[in-house]
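Please model the complete structure; the sequences and the hints are all you need to start from.
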Amino acid sequence: GNSVTQMEGPVTLSEEAFLTINCTYTATGYPSLFWYVQYPGEGLQLLLKATKADDKGSNKGFEATYRKETTSFHLEKGSVQVSDSAVYFCALSDPAGGFKTIFGAGTRLFVKA
Amino acid sequence: NAGVTQTPKFQVLKTGQSMTLQCAQDMNHNSMYWYRQDPGMGLRLIYYSASEGTTDKGEVPNGYNVSRLNKREFSLRLESAAPSQTSVYFCASSYGNRGPNTGELFFGEGSRLTVL
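These protein sequences, in sequence, are chains Z and F.
Residues 44 to 156 in the numbering used here are what the first sequence spells out, letter by letter.
Residues 22 to 137 in the numbering used here are what the second sequence spells out, letter by letter.
Misleading hints may appear alongside valid ones.
Said to hold, decoys possible - Restricting the straight-line Cα-Cα distance to at most 25 Å, the calculated cross-link-like pairs of lysine to any residue (SDA-like) are:
1) Z/K103 with F/G24
2) Z/K99 with F/Y116
3) Z/K143 with F/N49
4) Z/K95 with F/Y116
5) Z/K111 with F/E125
6) Z/K143 with F/P60
7) Z/K143 with F/D59
8) Z/K143 with F/K78
9) F/K78 with Z/Q88
10) Z/K95 with F/G63
11) Z/K103 with F/A23
12) Z/K103 with F/F127
13) Z/K155 with F/P60
14) F/K92 with Z/A139
15) Z/K143 with F/D77
16) Z/K143 with F/Y116
17) Z/K95 with F/E125
18) Z/K111 with F/G63
19) Z/K143 with F/R89
20) Z/K143 with F/L99
21) F/K30 with Z/L89
Keep in mind the hints are simulated off the structure, nothing from the lab.
Predicted model only: the values in this text are computed from it and were never measured.
Here is the structure:
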């Protein structure tokens, strides 16, 4: 079955540091890949997405590239801010699976001033 | 636009009590979902409704029932609550398999349920 594995947290960084959160997936079809972000006390919201191999999703300085050969979708940001502190979820939606979205366990990011 | 609205936001139940979580979306989405979020486990799908009039089990359906009341509303019912159902519950919606279709989900703010 489909699954998503992402690096465990928490990740603690100083402001302006480089961020990478690793995400790998297994899927039977050709999924779309997503990163969602959850700020304290809120629901999840879409951060970025990529719908096919080699696509790069980007938003708010975050980027992730859909790598079919390594089945990965790592999240990166060149310079994090305190306001980026949140929980980040990698997810996939597979047309072969009826578009049900499968989530990773989430990675909590703390950014210190 | 309100997006996805869930009620209640907080609820405390005793073991064996029943309750219904309500969810409504105003984006004319076809598909709706109920997830639960537990520490270290991400979000797990309880039930979903691909379109009005259909419902299907997700990964963790035991102890829950759902009703797709109309296109806008999708409720989740706990008939006899158990401490293992203490969790944060999220309703979500999407276009599903019609129209703009990249599987993107739109979430409500969550309902925190404690079962004593």
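Structure-inconsistent hints, enumerated in ascending order: Of the numbered hints, all hold.
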